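Using the sequences and the hints, build the whole thing.
Protein chains: 2
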Amino acid sequence: MSAPSVHPIGVAVLGLGNVGTEVVRILQENAGDLEARVGAPIVLRGIAVRTLGDRGVAEELLTTDPHSLVARDDVDIVVEVFGGIEPAKELMLSALNAGKSVVTANKALLADYTGELAEAAENHRADLYFEAAVAGAIPVVRPLMQSLAGDRVDRVIGIVNGTTNFILSAMDSTGADYSETLAEAGRLGYAEADPTADVEGYDAASKAAILASLAFHTRVTAADVYREGISSITADDLATARALDCTVKLLALCERVLGEDGQERISVRVYPALVPLSHPLASVSGAFNAIVVEAKAAGRLMFYGQGAGGAPTASAVMGDLVMAARNKVFGGRGPADSTYAKLPIAPMGDTPTRYHVNMQVSDRAGVLSAVAAEFAKFDVSISTVRQEGAGEHARLVVVTHRATDSALAATVKSLSSLEFVNDVTSVLRLEGTSE
Amino acid sequence: MSAPSVHPIGVAVLGLGNVGTEVVRILQENAGDLEARVGAPIVLRGIAVRTLGDRGVAEELLTTDPHSLVARDDVDIVVEVFGGIEPAKELMLSALNAGKSVVTANKALLADYTGELAEAAENHRADLYFEAAVAGAIPVVRPLMQSLAGDRVDRVIGIVNGTTNFILSAMDSTGADYSETLAEAGRLGYAEADPTADVEGYDAASKAAILASLAFHTRVTAADVYREGISSITADDLATARALDCTVKLLALCERVLGEDGQERISVRVYPALVPLSHPLASVSGAFNAIVVEAKAAGRLMFYGQGAGGAPTASAVMGDLVMAARNKVFGGRGPADSTYAKLPIAPMGDTPTRYHVNMQVSDRAGVLSAVAAEFAKFDVSISTVRQEGAGEHARLVVVTHRATDSALAATVKSLSSLEFVNDVTSVLRLEGTSE
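Just so you know, the sequences run in chain order A and B.
Quick note on numbering: the first sequence equals residues 1 to 435 in UniProt numbering.
Quick note on numbering: the second sequence equals residues 1 to 435 in UniProt numbering.
Wrong hints could be hidden among the right ones.
Said to hold, decoys possible - Each computed EDC-like pair below joins lysine to aspartate or glutamate, with the alpha-carbon atoms no more than 16 Å apart: (1) K89(B) <-> E116(B); (2) K296(A) <-> E29(B); (3) K296(B) <-> E29(A); (4) K413(B) <-> D379(B); (5) K413(A) <-> E374(A); (6) K89(B) <-> E119(B); (7) K342(B) <-> D33(A); (8) K296(B) <-> D33(A); (9) K89(A) <-> D112(A); (10) K296(A) <-> D154(A); (11) K89(A) <-> E116(A); (12) K342(A) <-> D33(B); (13) K296(A) <-> D33(B); (14) K296(B) <-> D154(B); (15) K89(A) <-> D54(A); (16) K413(B) <-> E374(B); (17) K342(A) <-> D245(A); (18) K413(A) <-> D379(A).
FYI, nobody ran anything at the bench for these hints, they're computed from the structure.
Please read all numbers here as calculations on a predicted model, not as lab measurements.
Given below as structure tokens:
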């Protein structure tokens with residue numbers, strides 16, 4: 001060993017919920033292993049909680065004053081698992097400004113304020129680590145930031161929200177409708193009392209912003225992410241998906257998009273989409289998460305595991321903590337995200353997607369050709385058309401080739417106004433196909 | 001930026017095969033991106049080749065004298081993609097001893113000499129990075145070394161050799177026999193002219209040694225790995241597997257094993273085994289690789305992608321190169337492997353496994369109970385027995401619970417000697433089951 005410091009590394013943990021409790025447990029149970037891996041003892045200096053009381057840890061470790069805890073001279077690293085924006089942000093900034101490293105799982109905060117936090121870390125040579133903020137235990141932040149640092153990432157597609165994946169998987173296997181399945185997910189502990197952040201895609205959008213920032217070396221915030229949730233997905237949509245050898249997944253998509261002006265932009269979006277059963281993401285079911293990364297030299301990589309929960313998230317926090325502690329012992333600083341590329345965000349309307357359109361039509365000659373003409377009018381090329389049923393129940397199912405989202409939306413709007421189209425019953429995007 | 005050095009980082013590339021050619025291409029084509037990510041230009045100082053000539057790169061970069069190239073004052077990082085033991089090892093040691101960082105894809109060398117190389121890196125505060133040595137583009141070295149640094153890894157199971165996975169997948173889908181499929185793999189470029197290193201499991205054993213070292217913080221060399229290849233796998237074995245809702249995969253297994261003496265040991269082994277179709281590794285087909293890591297807090301993680309080939313391997317090399325260069329610019333050193341745990345290696349005989357045994361038996365009363373008694377004699381608990389056929393074609397198919405490999409081997413030997421057991425037609429280990 002090249003004369004490592006023997007000073008212990010002091011850690012403050014902010015928050016004692018599911019993740020904080022697991023972090024504290026690992027710190028205490030694995031102290032010997034952690035010391036051997038870091039090269040110095042890691043010592044828990046204190047835990048900030050909102051209210052004191054019996055929390056299953058030594059009482060003298062607890063404090064309701066996180067500011068004083070972070071400011072202690074013997075605290076070198078702050079683990080932030082409070083969640084929410086304030087006081088988390090203020091505490092993290094004050095730690096970083098004092099040269100203390102920060103490990104956080106706070107995706108909502110990172111999606112909006114990574115710039116400010118990263119700048120403070122850079123200026124004071126501290127580490128800002130956040131592996132736990134995306135997909136829990138699954139290592140994806142570090143692979144994007146380090147392993148693929150010499151490659152060019154073209155696309156990231158992920159299932160990054162366990163609640164919605166649990167609901168969509170259950171709808172797929174039971175045939176039940178959305179509201180019924182959401183209620184069941186709540187009973188089983190897979191959905192929160194207020195499920196809005198999950199089911200409306202806000203949580204996935206935060207993670208998409210973080211993934212896109214890392215993948216494309218560009219600062220992306222949650223406001224840059226186009227977002228649709230799963231609350232309008234019906235049992236019929238899942239049935240349609242099955243008929244097409246597909247399933248429906250809430251996807252976080254980050255892609256490079258080349259505009260007609262030759263300018264490279266990035267598209268970052270979250271929405272439920274049809275995914276072919278042959279795609280590796282289709283078999284990711286229940287509360288699991290998975291992320292597919294497509295890079296120029298590496299090809300397609302997939303990372304799979306538990307995306308949430310106290311222990312899996314704590315595993316990611318602890319990996320970051322050991323690395324930050326090691327940097328404190330040996331000097332230096334881990335790699336930070338880089339945002340030199342500053343690629344512009346493509347408007348959703350300019351983003352190339354594929355649509356699957358299901359409509360009830362009048363059963364008479366010429367309908368198919370009239371519908372096809374409508375797609376052609378908007379320059380949308382059709383991949384397949386299927387006519388089903390007859391009489392009142394006649395349906396047309398159209399799957400398009402890739403076109404801009406605005407051309408597709410305009411086509412659908414125009415179809416609805418046609419006299420022989422009785423109803424456009426569903427419109428779903430299709431992702432994960434080779435075309 | 002905290003006043004980064006603007007000195008360029010000089011790189012020497014040793015070897016210009018598939019991987020070296022891709023590394024040189026990326027260095028030249030992506031120079032601007034790489035400079036932005038590193039904080040300084042990365043400059044290719046030279047490429048060591050065995051013979052000069054038109055290699056598609058500027059002639060003045062080529063040299064047949066790797067020692068002088070490595071020794072150049074303006075070389076900061078050495079990328080070793082020669083392969084083989086010498087001169088690669090000597091060159092890497094001379095680089096590390098001069099404080100130059102080394103990035104390598106050389107699994108055979110690492111499996112035997114990581115100790116010596118890591119010590120030189122440590123003493124001279126240089127980086128020794130080798131993400132490309134295991135499973136090509138798939139980030140697994142860095143996740144094990146960093147992301148899981150605060151967790152406890154219990155088991156690593158991987159498909160880490162593309163040639164054997166291609167052969168076994170093809171045997172499964174075509175029903176063809178081993179030698180025929182090997183020949184076809186050779187024709188398609190998936191097997192080398194001398195396929196021994198792949199088909200006999202030597203390549204997988206090198207990778208298993210590296211994975212086990214990282215997972216268990218213990219120095220494991222190729223000699224510690226129990227190894228069987230796939231050359232004795234037959235079309236019948238694949239048919240048997242299908243009948244059991246399994247397939248056959250060449251697995252690299254690294255596990256913690258608790259001995260009867262209460263001592264924790266590690267078992268590192270490579271062999272073909274039955275894998276249930278429901279296991280995530282069963283669907284990894286063709287030349288793809290995948291690695292499942294089971295850790296106490298993280299649960300089960302899977303990493304999937306291209307395990308070989310010039311471009312995917314170069315992606316991993318480039319990630320390491322960017323990180324090593326960044327460390328040169330900003331000071332400090334990346335995390336190294338740690339071997340503090342020094343766990344002993346469990347002998348194969350003491351390792352708990354499951355067996356699937358297929359035997360031809362005399363079709364008469366009492367055979368089943370006599371066979372069951374034979375298993376009981378060696379303390380091997382039976383999971384299922386199936387009797388098939390009748391008369392001359394009567395067969396018993398036994399699947400055991402977990403028992404030590406030596407007890408299972410002794411049972412099979414003893415069965416063969418029983419008068420009413422005509423032939424033990426196949427013995428396959430079973431992995432990836434929950435029991």
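Each hint tested on the structure:
Between the alpha carbons of K89(B) and E116(B) the distance comes to roughly 10 Å, so the proposed pair stays at or under 16 Å and holds. Under the criterion of a C-alpha separation no larger than 16 Å, the hint pairing K296(A) with E29(B) is consistent with the structure, at around 12 Å. As the CA atoms of K296(B) and E29(A) are separated by approximately 12 Å, the hinted pair is consistent with the 16 Å bound. Between K413(B) and D379(B) the alpha-carbon distance is near 14 Å, which keeps this suggested pair within the 16 Å criterion.
A hinted pair counts as satisfied when its Cα atoms are at most 16 Å apart, and K413(A) with E374(A) qualifies at roughly 10 Å. Between K89(B) and E119(B), the direct Cα distance comes to roughly 13 Å. Compliance with the 16 Å bound is thereby established for this hinted pair. With a C-alpha separation of about 12 Å, the suggested pair K342(B) and D33(A) falls inside the 16 Å cut-off, and the hint holds. Distance check on the hinted pair: K296(B) and D33(A) sit about 14 Å apart at the alpha-carbon level, within 16 Å; holds.
Pair hint K89(A) plus D112(A) holds up; C-alpha atoms about 11 Å apart against a cutoff of 16 Å. A C-alpha spacing of about 7 Å is found between K296(A) and D154(A), which places the hinted pair at or below 16 Å, so the restraint holds. A distance of roughly 10 Å separates the Cα atoms of K89(A) and E116(A); the hinted pair therefore holds under the 16 Å criterion. A hinted pair counts as satisfied when its Cα atoms are at most 16 Å apart, and K342(A) with D33(B) qualifies at roughly 12 Å.
With a CA separation close to 14 Å, the supplied pair K296(A) and D33(B) stays within the 16 Å bound. Proposed proximity of K296(B) and D154(B) is supported: the alpha carbons are some 7 Å apart, at most 16 Å. For the suggested pair K89(A) and D54(A), the alpha carbons sit about 27 Å apart, so the restraint of at most 16 Å is broken. The suggested pairing of K413(B) with E374(B) holds, with an alpha-carbon distance near 10 Å, which does not exceed 16 Å.
Restraint check: the Cα-Cα separation between K342(A) and D245(A) comes to about 39 Å, which exceeds 16 Å; the hinted pair is violated. The straight-line distance between the Cα atoms of K413(A) and D379(A) is roughly 14 Å, inside the 16 Å bound, and the hint therefore holds.
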